[in-house]
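Going down the list, the protein sequences come from chains A and B.
Numbering of the first sequence is given in our numbering, commencing with residue 88 and proceeding in unit increments.
Numbering of the second sequence is given in our numbering, commencing with residue 88 and proceeding in unit increments.
The set of hints was computed from the structure by calculation and includes no laboratory data.
Check the hints yourself; a few may be wrong.
You can't tell identical chains apart in this list, so a pair holds if it fits in one copy or across any two.
Stated by the list, open to error - Capping the alpha-carbon separation at 30 Å, the derived lysine-lysine pairs in DSSO-like fashion look like this:
(1) Lys414 with Lys127
(2) Lys315 with Lys217
(3) Lys127 with Lys104
(4) Lys188 with Lys148
(5) Lys148 with Lys104
(6) Lys414 with Lys217
(7) Lys414 with Lys104
(8) Lys315 with Lys148
(9) Lys414 with Lys188
(10) Lys148 with Lys414
(11) Lys188 with Lys104
2 protein chains.
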Amino acid sequence: MDLHILDHRLRVTSICKNGLVNFTHPLIKLIFLRNRARCKFFSLTETPENYTVVLDEEGFKELQPSEHLLVESSVWLPLNVVSNGNSSSSSQAVGVTKIAKSVIAPLAQQHVSVFMLSTYQTDFILVREKDLAVVINTLEEEFNIYREVGGEYSAVLSQDVCNGFQKNGKEAPQLTVHPLLIPQNQFCVMSLDPDTLPAIATTLIDVLFYSNSPKEGALPSQDLDCIKFFSFSLIDGYVSLVMDTEAQRQFPADLLFTSSSRELWRMVRIGGQPLGFDECGIVAQISQPLADNNISAYYISTFSFDHALVPEEDIVSVTEMLQQHRKEPAC
Amino acid sequence: MDLHILDHRLRVTSICKNGLVNFTHPLIKLIFLRNRARCKFFSLTETPENYTVVLDEEGFKELQPSEHLLVESSVWLPLNVVSNGNSSSSSQAVGVTKIAKSVIAPLAQQHVSVFMLSTYQTDFILVREKDLAVVINTLEEEFNIYREVGGEYSAVLSQDVCNGFQKNGKEAPQLTVHPLLIPQNQFCVMSLDPDTLPAIATTLIDVLFYSNSPKEGALPSQDLDCIKFFSFSLIDGYVSLVMDTEAQRQFPADLLFTSSSRELWRMVRIGGQPLGFDECGIVAQISQPLADNNISAYYISTFSFDHALVPEEDIVSVTEMLQQHRKEPAC
């Protein structure tokens, strides 16, 4: 299998809930006006805590410094596992499950912190630029590694970057057990032809930028078991949307598509307190038991918490296996 | 003929050019999200100087006070001339020309300041609420006057509002002669089905909010004879757009319509220095000679200047007659 280091230098930022109005102008430009913004990697995820915005340096220039904007200090690089020249989607399980043992676990073992961003099309593993040498050294046994520069891929050799670097031994990192939250809403992972993005513009703008102000006549939701979670990404021209079924009903049914009809997902949110960016092994802790049981999962990290999405029919067994896994000693 | 005093209490505001980014959030709500905003009268006009926003009190609540926002202190009421129960559009000339002698001239004579807002559908004459008694007293000879309250119209009798008010004599107000500017661009006055507004959302957002940042690859316009002027209004559910032919080319041709195919207009901008809101007779000065010659004209006041639009084929004769008219003593 091949591992691509993509040609995007990413920043991970967070806009506070009541600060979004100040960023409407640049965000709408980044989402809808591809002719004006040079950004090629853009992701916006609303959670109850804040809006996580991951974007490349061209996109980051559009965001003015503000008390409402938090910026993680590192530059992150997106990795992407490719099998047989195509983004792999043929194996039974999809998402992080596929890469749990080959990428996630080895990086956790080497104390490399990752920021995961699953989309409809693929799963991006974001690693800090400064960790690139250890990443390459760790993954080169399993993968042919290629680095994209200006659209061209060239093979990366460990000795080019690693410079006498020594891998850690096999001792497992200390794992913190984070509380899990299992909200009741059902989610869809969808896409649409980027050329039809204008057709859903007003709905998407409404959902992204105005969903916190009550709609005329609508009663505020009393259901505290439902989580606010909406993710939009536009990466290298591909659109991915993750939303719950309530948000989905606002969109025209004929434009958004999903891989199989009416495939629904349930969420496991990881973390009772904000997770930060330095702890390693959080994704591994979740993805390993899923991989052991061959259960598909999307995984979306945000500024404060991590979120796994598993098939609706598996949520009971996943909940049990994650609770079980946590009682065992870290492995 | 009937004159309607419409049930909107309007504010006239101005957003400075570099302050628009701070108002993108409320303005997009006012333009596109009719379910969320209760505003029923909204108009936004971009000129080289600023953005003039005229809106009712519900809409005005959406605009946060800011150093970038200027607000004229009065409440303004829109008047609308209606012939035979329909908004009149049957006579030969359209726009302010139709109401020049019956409304504009008498109000000027009574020193009533007006703010004109022509749209595709009709011409709104905005007067200050505090001038309402003199307006009614002045126009009741010519019109049956009805006031709209909660969708119902009731006849207004002069003695109900005028309370011993005496009209001015027939002495003409002192007229200032303002410089005229005749830009080279050609304008269209258009409309569209409000239900198709979402279909032009991204184009409209691009033109309104991002047209000052250069498009990738586009050269900045060197043509100083062309003026930046774009007006959008959404009033009682009707959309009106005034734009030049360059902006028009960005919109899908099948959604916008105009009264006659490819009818083009040229602009006469009134004022070398900002006109303010207190001078009377500016509209009369322009509309009277046009009425004398039965030349149609739209008329759009903004925070700084006034703008008349006349048929392209009449621009030479209009220019001559306006210059000529100014040399004669005020009449």
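Hints, one by one, checked against the model:
1. Taking the closest pair of Cα atoms, Lys414 and Lys127 never come within 30 Å of each other, the shortest separation being 42 Å inside a single copy and 60 Å across copies.
2. Proximity of Lys315 and Lys217 under a CA criterion of 30 Å is satisfied in neither setting, with 33 Å inside one chain copy and 48 Å between copies.
3. Taking CA atoms no more than 30 Å apart as the test, Lys127 paired with Lys104 passes in both settings, with 25 Å inside one copy and 28 Å between copies.
4. In this assembly of identical chains, the alpha carbons of Lys188 and Lys148 never lie at most 30 Å apart, being 36 Å within a copy and 55 Å across copies at closest.
5. In the homo-oligomer, the alpha carbons of Lys148 and Lys104 lie at most 30 Å apart both inside one protomer (21 Å) and across protomers (20 Å), since each shortest distance falls under that limit.
6. Proximity of Lys414 and Lys217 under a CA criterion of 30 Å is satisfied in neither setting, with 34 Å inside one chain copy and 76 Å between copies.
7. Taking the closest pair of Cα atoms, Lys414 and Lys104 never come within 30 Å of each other, the shortest separation being 36 Å inside a single copy and 60 Å across copies.
8. Taking the shortest Cα distances, Lys315 and Lys148 sit within 30 Å of each other both inside one copy (28 Å) and across copies (27 Å).
9. Proximity of Lys414 and Lys188 under a CA criterion of 30 Å is satisfied intra-copy only: 21 Å inside one chain copy versus 88 Å between copies.
10. Taking the shortest Cα distances, Lys148 and Lys414 never come within 30 Å of each other, neither inside one copy (45 Å) nor across copies (55 Å).
11. In this assembly of identical chains, the alpha carbons of Lys188 and Lys104 never lie at most 30 Å apart, being 36 Å within a copy and 54 Å across copies at closest.
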